[in-house]
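Undergrad: So the protein lines, in turn, are chains A and B. Residue numbers for the first sequence follow my numbering, so the first one is 1 and each next one is one higher. Residue numbers for the second sequence follow my numbering, so the first one is 1001 and each next one is one higher.
Hints may contain errors.
[What the hints assert, rightly or not] If you anchor each label on the Cβ, the simulated ranges turn out as follows:
hint, chain 1, residue 1, chain 2, residue 2, range
1, B, PHE1309, A, GLY192, 51 to 59 Å
2, B, LEU1015, A, SER16, 41 to 49 Å
3, A, ARG83, B, ILE1395, 34 to 42 Å
[To be verified] List of simulated lysine-lysine pairs, DSS-like, C-alpha gap at most 25 Å:
hint, chain 1, residue 1, chain 2, residue 2
4, B, LYS1324, A, LYS56
5, B, LYS1418, A, LYS73
6, B, LYS1018, A, LYS136
7, B, LYS1253, B, LYS1107
8, A, LYS138, B, LYS1324
9, B, LYS1279, B, LYS1110
10, B, LYS1133, B, LYS1185
11, B, LYS1324, A, LYS136
12, B, LYS1227, B, LYS1107
13, A, LYS27, A, LYS39
14, B, LYS1002, A, LYS136
Hints were generated in silico from the structure; no laboratory data involved. None of these values were measured; they are calculated from a predicted model. Using N, Cα and C, we set each Cβ at its ideal position, and we do this for glycine too.
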Amino acid sequence: MIETKRIVKTYGRKASAFQALKDISLKINTGESIAITGKSGSGKSTLMHLLALLDKPTSGEILLDDRNATELKERELDRLRNREFGFVFQQFFMNAQDTVLNNVMLPLKIAGVPYAERKKRALAALEAVEMSEKAKNKANDLSGGQKQRVCIARALVNDPSVIFADEPTGNLDTATSEVVENLLFNLHKEKGITLIIVTHDPDLAAKCDREIEIRDGEIVGEMAKEEPVK
Amino acid sequence: MKFWDTILAANANLLRNKVRTILTIIAVFIGAFTIMMTAGVNAGVNNYINRQLGALGGNNLIIVQAKSDNSTLSSGPQKYDPNANKSSNSLGISINMLSENDVAKIKSVKGVQTVTPQTPVSITWAAGPNSQKFQMAVDPQIDGIKVDLAAGTAPDNASSSKQIDLPLGYAKAFGFKSDTDAIGKTITIAAATPLQQIETTTVTVVGIQNNSIVGGGGAWMNQTLTKWASDATLEGYPDSLRHQYVAVTVLMKDGTTEAQLNDAKASLQKLGFQALTVKDEIGTIATIINALTIGLIGFGAIALLAASFGVINTLFMAVQERTKEIGLMKAMGMSRHKVYLLFSVEAILLGFWGSVLGAAVAIITGTLISHVAAQTFLKDLHGFTLMQFPPVYVIIITVVIMLITFLSGTVPARRAAKQNPIDALRYE
Chain A
1 MIETKRIVKT YGRKASAFQA LKDISLKINT GESIAITGKS GSGKSTLMHL
51 LALLDKPTSG EILLDDRNAT ELKERELDRL RNREFGFVFQ QFFMNAQDTV
101 LNNVMLPLKI AGVPYAERKK RALAALEAVE MSEKAKNKAN DLSGGQKQRV
151 CIARALVNDP SVIFADEPTG NLDTATSEVV ENLLFNLHKE KGITLIIVTH
201 DPDLAAKCDR EIEIRDGEIV GEMAKEEPVK
Chain B
1001 MKFWDTILAA NANLLRNKVR TILTIIAVFI GAFTIMMTAG VNAGVNNYIN
1051 RQLGALGGNN LIIVQAKSDN STLSSGPQKY DPNANKSSNS LGISINMLSE
1101 NDVAKIKSVK GVQTVTPQTP VSITWAAGPN SQKFQMAVDP QIDGIKVDLA
1151 AGTAPDNASS SKQIDLPLGY AKAFGFKSDT DAIGKTITIA AATPLQQIET
1201 TTVTVVGIQN NSIVGGGGAW MNQTLTKWAS DATLEGYPDS LRHQYVAVTV
1251 LMKDGTTEAQ LNDAKASLQK LGFQALTVKD EIGTIATIIN ALTIGLIGFG
1301 AIALLAASFG VINTLFMAVQ ERTKEIGLMK AMGMSRHKVY LLFSVEAILL
1351 GFWGSVLGAA VAIITGTLIS HVAAQTFLKD LHGFTLMQFP PVYVIIITVV
1401 IMLITFLSGT VPARRAAKQN PIDALRYE
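In isolation and in its complexed conformation, chain A is listed as follows (with noise of 0.2 Å):
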């Protein structure tokens, strides 16, 4: 479970200060799957790295579990992420010239874990993604639906309890779009795996358990529907 204390974000200082967030306070169940919408620069971003942990808010509490994380040392943080969250970008974010299966193992290659059974668990992870046979492919030979399907694999590796993905379609046409995001939705099903969708798509956000309009850095709508849409 994730909980947000009156988390507020500025940025700049005294006559320049701007407020990115103010008080916000929301919960995300474990299991739970939630669209952050919003214009750009409503602060929907700035509210994602902050529930990721990539970044501290200026004041409140980020409660994960019920522990502290603006607590955390710098060490900590950086092995909860690496242990606990998955990460899917817009723009994919994968080192081009290495092959597909070095890219989907990196979070375990950060982790320590040994090469062979790195490769095992990467390979498992692209099994899931119905991607194992681009394994030894370059990353740059595939297409940008692949592409996010590898990324969804490599978020998927280090099994992890979270998994963020922000514009996930964004760079996708609609066909393959549906295809990323009936993965993202099987595993958060299959798994019981927190998702956690930054979009400004009304579609994709239509399809999560609850959806959180941010507008201003203000939470300015919250929509739950009775029954995930499959």
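Chain A is fixed; fit chain B onto it per the hints.
TA: Just chain B, lined up with the frame of chain A:
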């Protein structure tokens, strides 16, 4: 990230931009090569000098001479002193000689074991089994100096038989099959008395010596033979002339420390003698070689300084190019110090490959040069390898260069480590 993974990752990162990496390595290589070659020459020359002097023996010796007075020009005519031992040579310059009295004084200095007068000895001719007579320079064998031998042993000063070590090449001229064939066999040596009468004696060849840059290059004779030659050449001389020496060699007791040696040297100087240790004597050669080495290493250091800026530049470019990748890795939980380590290892690897390449090329070139030198301008100095590359030198130089490139890499590595994952991922 495991350390081995870090090294592999760093190496893979360097290979991503091969041209840039190779150019940087070449810059390091030039510095490494220069320093390796210089160290190679230094090692070769020092090794040769040490071998020539005998690493153990030479440190126990002091050469003592009477103080020379070069004051004739400055202080005008000097009064005649019948008690001073002087010998005038043909140029009219007088040299002070040491008397038996002086030798006794020298013997009384603390720590002195033996005092060997350096009698100027010469022989008229030497001949072997083929009875052909040859001129040959001779030197008395001095205890404590190890002779650089090609075969056999050094002449034994304690022996009552007459023994000699021949320089390379003489054995064949004398009619022996080879240098080693002459060992244990006898030759004839002749010396002329002041009245030009020839006296001959039979001498046993006990060893063959390598040609040497120290010492006169003459055949080494043991004390018994030296005494015979000296007696023959000074036959009929009065005792006062017979017993005066240009110099004496003082051998200190076994286990003399450097401090004790210097004390003895100071005492001898206080007694009014000129005293030089072997170290003083080779000091000049060593000083020149070392100055040369320092100069050349200076050039290498300048090349390395330039190369280290190349390393800094290369890594800054790499950090710039891989901003997003760094951001991603940090988001995935790679710690600040692991990012720092990754870039530092890249810097160290540039140094490593540069010096390994430098060492390899230096060893190949050095060996070739030594080989050519040994056949041409060093032909007469047997056992002189111009360049030597002891593994310790190579390892030390490599480690120092890796340290230099590591230090160059610290600034870019710190910049990479400090990067904020969010900013890095936003970076376009």
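Undergrad: Decide, hint by hint, whether the structure agrees.
TA: Hint-by-hint comparison with the structure:
no., hint, in the structure
1, B/PHE1309 <-> A/GLY192: 51 to 59 Å, "holds (54 Å)"
2, B/LEU1015 <-> A/SER16: 41 to 49 Å, "holds (44 Å)"
3, A/ARG83 <-> B/ILE1395: 34 to 42 Å, "holds (41 Å)"
4, B/LYS1324 <-> A/LYS56, "holds (20 Å)"
5, B/LYS1418 <-> A/LYS73, "holds (16 Å)"
6, B/LYS1018 <-> A/LYS136, "holds (22 Å)"
7, B/LYS1253 <-> B/LYS1107, "holds (12 Å)"
8, A/LYS138 <-> B/LYS1324, "holds (18 Å)"
9, B/LYS1279 <-> B/LYS1110, "holds (20 Å)"
10, B/LYS1133 <-> B/LYS1185, "holds (17 Å)"
11, B/LYS1324 <-> A/LYS136, "holds (23 Å)"
12, B/LYS1227 <-> B/LYS1107, "holds (20 Å)"
13, A/LYS27 <-> A/LYS39, "holds (22 Å)"
14, B/LYS1002 <-> A/LYS136, "holds (23 Å)"
Checked against the numbered hints listed earlier, the structure breaks none of them; every hint is satisfied.
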